[in-house]
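A.B. asks: The chain contents come next:
There are 2 protein chains.
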Amino acid sequence: MAVYTDITDEELAALLADFDLGQPLSLKGVAEGVENSNFLLETEAGRYFLTVYERRVRPDDLPFFLELLRWIAGRGFPSATPIPDRQGNLLKTVRGKPCAIVSFLSGLSVRRPSAAHCREAGAGLAQLHLAAEGFPRTRPNDLGQAAWAPLFASLASAADALKPGLAKTISSDLELLAFRWPRELPQGVIHADYFPDNVFFTAGKFSGAIDFYFACVDAFAYDIAVALNAWCFEPDGSFNITSARQLVAGYETRRKLSTLERSALPVLAHGAAMRFFLTRLHDWGATPAGALVRPKDPLEYERKLAVHRASPDLVLYGAPA
Amino acid sequence: MAVYTDITDEELAALLADFDLGQPLSLKGVAEGVENSNFLLETEAGRYFLTVYERRVRPDDLPFFLELLRWIAGRGFPSATPIPDRQGNLLKTVRGKPCAIVSFLSGLSVRRPSAAHCREAGAGLAQLHLAAEGFPRTRPNDLGQAAWAPLFASLASAADALKPGLAKTISSDLELLAFRWPRELPQGVIHADYFPDNVFFTAGKFSGAIDFYFACVDAFAYDIAVALNAWCFEPDGSFNITSARQLVAGYETRRKLSTLERSALPVLAHGAAMRFFLTRLHDWGATPAGALVRPKDPLEYERKLAVHRASPDLVLYGAPA
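Just so you know, the sequences run in chain order A and B. In terms of this note's numbering, the first sequence has 265 at position 265, counting the first letter as 1, and numbering is strictly consecutive. In terms of this note's numbering, the second sequence has 118 at position 118, counting the first letter as 1, and numbering is strictly consecutive.
Treat the hints as calculated values from the structure; they're not laboratory data. Be aware that a few hints might be false.
Once the Cα atoms are required to be at most 30 Å apart in a straight line, the calculated DSSO-like pairs of lysine-lysine come out as [claimed, not checked]:
id	chain 1	residue 1	chain 2	residue 2
1	B	205	A	296
2	B	256	A	296
3	B	205	B	97
4	B	97	A	92
5	A	97	B	97
6	A	296	A	163
7	A	205	B	92
This is chain A alone, in the form it adopts within the complex:
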């Protein structure tokens, strides 16, 4: 949960004066989004989200994110669309911080996704990849494979503190991933954080995705690999092959995977687990004791890493032959 920025009625009125959204009717800080402050905003014109970008988001990246949201919404992808002010600006300022007003997106995220949810989520992810086709801006994946070894350099002792001997195992993983990482896969805009809490369902059907603040250009199949880690592990740590198969099958109802993409899924999934392990390990140590946001447990992803390490082809059982 996170609401870092407090907005007064006067600041809200000043912001809305630039828009054609009528008078504000209500504003509620929402316990959602770790990177930003989010408010549910109701005006005479309807319901919106007001997102205030906190320090973790680089201001230079905001035009990419906001224009992307506008682009995919224009191509029928259900997401929160940024609302331009009267001058056509998507990016605004409140309390000296960048912010945007986006449309409200209905839907519920699921805590424990079923295989049917995974199928829907997979189809939604492919829909996103297709909707983003032709988007003219680009943004590198700054948490991609090339970033992991440098990121780990300062975290070796944190890894050993988490679990004795872990640093050595991670180093060996990183070497393997660098060696085996596929570099010729079809690329495009990916979500890069396609977790169950960022995906909405209505009556069991995919109804949209939110939180595009890691979106970047990278391999489409890497986005599937992130999702396989996020959606297809059971609470006991086991990998659910049925869910994985449904996620990939759902994806392929909209976009077929090439043989190269399919055969890359295991190493991509191993790498995706590494990416989330490393950032969680980093946040675990970096979060002050009294912080309002509880960091996510890096051990969850350490266990997923171990699964991929022990059964390097496991993910393939979830991919159609």
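Fit chain B to the given chain A structure using the hints.
C.D. replies: Structure of chain B alone, referenced to chain A:
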């Protein structure tokens, strides 16, 4: 901000199965309410608040609060009305905790109320007092004058830690308040926590009040005294006579004060400042360092106490002669 209870899509579906509200469309934890967890709930039938009562609210008190909300809503007071399930129950359970679904109330609270806001707020408070007339249930004010000395008994050293010598001053205040406390004032249901963040405005006009979880039967004028403390002090600690006059005048547009009530306002305001000073002092010491809720500063109310102590008739300048 506070969302202590997490609700899964499955738990929400089970709860909604008892209601005629259709399928859930969205659920957002809201950073509002220190005592409870609050969710903005959208269903096919409309928008609601789902409130989960956490340990600070006594379950035995919940029927009083919920029936009161239904009663005043039935008499035209704009507040969040509890929605009965198919069996007519207002009080439900989710995750083993008591909860209720209430109607959504639009409006914005103001951070720095103007004198005009104070007038509107005063009129709204009188409207509440009148709407609650005849409500058949009762609940004592367990944070009323009789509770202060026992509450302070365990806080004397905390007071001295806050400010050396403060414990002696507070003890002397408590004696004075016990001696001068008026006991013959007109009584009824009062809000007892009528602070700016619990009062909504739409286009500058009073549009409702929320957070009735301190409501009880006590002197109507005591409710005004709480509001004078909460609404009429400037950030520099000075008491704004103009705002106070408007608050009382706004109140009297709907319910005239008797001479006895008006002349009691100074001691009631001194006592109301004591009530919030004591509970804040208590929470200040009782909140663990890593807690998600930041306790409110007791010094704010220590300064208000000092103003009432130094100028015992100051509040009267805000009351019409």
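A.B. asks: With reference to the structure, classify each hint as holding or not holding.
C.D. replies: Evaluated hints:
1. Restraint check for residue 205 of chain B and residue 296 of chain A: not satisfied, since their Cα atoms lie roughly 43 Å apart, outside the 30 Å limit.
2. A C-alpha spacing of about 56 Å is found between residue 256 of chain B and residue 296 of chain A, which places the hinted pair above 30 Å, so the restraint is violated.
3. Taking the CA atoms of residue 205 of chain B and residue 97 of chain B, the gap is about 36 Å. The hint is violated against a cut of 30 Å.
4. Proximity of residue 97 of chain B to residue 92 of chain A is assessed by CA-CA distance (about 41 Å); at most 30 Å being required, the pair is judged violated.
5. For a cut-off of 30 Å, the pair hint linking residue 97 of chain A to residue 97 of chain B is broken: about 38 Å separates their Cα positions.
6. Only pairs whose Cα atoms come within 30 Å are accepted, and residue 296 of chain A paired with residue 163 of chain A is accepted, the gap being roughly 16 Å.
7. Taking the CA atoms of residue 205 of chain A and residue 92 of chain B, the gap is about 28 Å. The hint holds against a cut of 30 Å.
Hint violations for this structure: numbers 1, 2, 3, 4 and 5, all remaining hints satisfied.
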